[in-house]
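Enquirer: Here is what each chain is made of, one letter per residue.
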Amino acid sequence: MTSRTRRGVPLVAALLASVAVLFFALPLFGLLQRAPWSDAWDDLTSPVALDAMRLSLECSLWATALSLLFGVPLAYTLARGRFPGRSLVRAIVVLPMVLPPVVGGVALLYAFSVNNGVVGGWLHDVFGLQFTFSKAGAVLAETFVAMPFLVITVEAGLRSMDRRYEDAAASLGANRWTVFRRVTLPLIAPSLYAGAALAWARALGEFGATITFAGNIQGRTQTMPLAVYLLLESHQGTAIMLSLVLLFVSIVVLVLLRDRWFGAARES
Amino acid sequence: MKRQFRLVAALAVVVAVFAAFTASPATAAKQKAPKPAGSITVSAAASLTEVFTQMGTDFQKANKGTTITFNYAASSALAAQIQGGAPADVFASADGSNMQKVVTTGQVTADPVDFTANQLTIVVKPGNPKGVKKLADLSTVGIVSLCAAAVPCGKYATQMFTQDGITIPSDKVTLGQDVKATLAAVQTGDADAAIVYKTDAKAAGKTVTEVPIPASLNVLAVYPIAPIAASQNATLADAWISYVLSPAGQRTLAKFGFLPVPATE
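Listed in order, the protein sequences are those of chains A and B.
Under our numbering, residues 176 to 443 are what the first sequence spells out, in order.
Under our numbering, residues 390 to 654 are what the second sequence spells out, in order.
A partial selection of chain B residues facing chain A, derived with a Cβ cut-off under 8 Å:
{"id": "1", "residue": "Ala-469"}
{"id": "2", "residue": "Ser-559"}
{"id": "3", "residue": "Asp-560"}
{"id": "4", "residue": "Gln-566"}
{"id": "5", "residue": "Gly-578"}
Treat the hints as calculated values from the structure; they're not laboratory data.
Since the model is a prediction, treat every value here as computed from it, not as a measurement.
C-beta atoms are modelled at their ideal positions from N, C-alpha and C, and glycine is treated no differently.
Kindly produce the complete structure, drawing on both the sequences and the hints.
Expert: So, in structure tokens, the structure goes:
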């Protein structure tokens, strides 16, 4: 009897779990069932859809690159640095993960808007930079919401790795940069990939901060989620097909994360 | 085997429960009460935000025991919500075509009635730093904020631009999901100009400067209102519509800058 209770799933749990599974599966089913497959190609090759896909790809890759460039050093600092206020810094960095993206967009506006921003006017006057209503603004908004995912994933990787390898390399005469490049980076590679993939997926799905901060200009700041939102009222078919593209990409990211990178992270 | 059976049984129960929920008839008898009471949700065009909020307060003061809840969004979004079964009792649209969508799907209980009208205007940053003087200046002013194509204010703007032969390069146009978002792009964002309703410009006060569009170049937006079939409180829904059409309601609309419905064409 004991072995049975341990192995089987209690009926109540199975019941509630089924409700949860239905809850997640029904919307997916709804989306698939409403998809206009006969017009799929026309929908996906319409100028608005093509512009949105191209822009989304471009902006999300830029956001991922920026997240790597600034996020890895930040994760390193948070994991290894000893300085006062470190937990405050971490809280500020992680905040965009829990902040409603629209609020993030408004906050970005009051930092980088040419007319109302803390530094926006200065950036515009001195460097001629304008983030609002520009592709750079869309990248900025996506980086703002995506980078925290990379930072906390990489930081966790750095904390869980065995530092004795670094010590060994250092004792054999490697300088800090060589140790980082040849020992640390390969050891945290799984978390780096996972963090980058999560950040990219988050950037790709960004909506609230982008529409609030960067605006909604076709071919410039109208990324796929923005296009989906607006097309839903005028060209529903295109909106659904774009949603399916995003859904497909999300599934691919999940499969990759699960089978390769998280798997590798668990083994090591 | 036993475990599999258990899972199948659990699934069957879940499906049965769902079926029971969805099958429950939504034909609750509507009793005609002489005095309006209870609460309704009014789905109203975003441009009605200020005036309906005021009228709601007035109405509730005059009819103790009633609660009017407002759901403001683009009329196109509201029509889609109602078609999707969102619980609304009254729909006030900023254009006829979005109202027609819910009429076509048989979701209104009475013919829509036009209750007010509006016109478009240009708003720019306070003090008009870019010196916008006329509609044609929008082609070159910089970033122009317009409502999205399906949103009434977007449709009216397109109609106006077509009629006046004005083109704005699409890479200079940012699209708002409703008229308030379109306005906000100038108020808090860096858009140089926006096309909104005259009433929005009035409600925005000093946060923007208005550049009026002459009547000869303008278009007229006519707003219809109708009770929604799924309403659980038709009495209150009708009372609200009567109030909007009443002299008192029309006075408040006029105070907020709305125009009377033009005499029948």
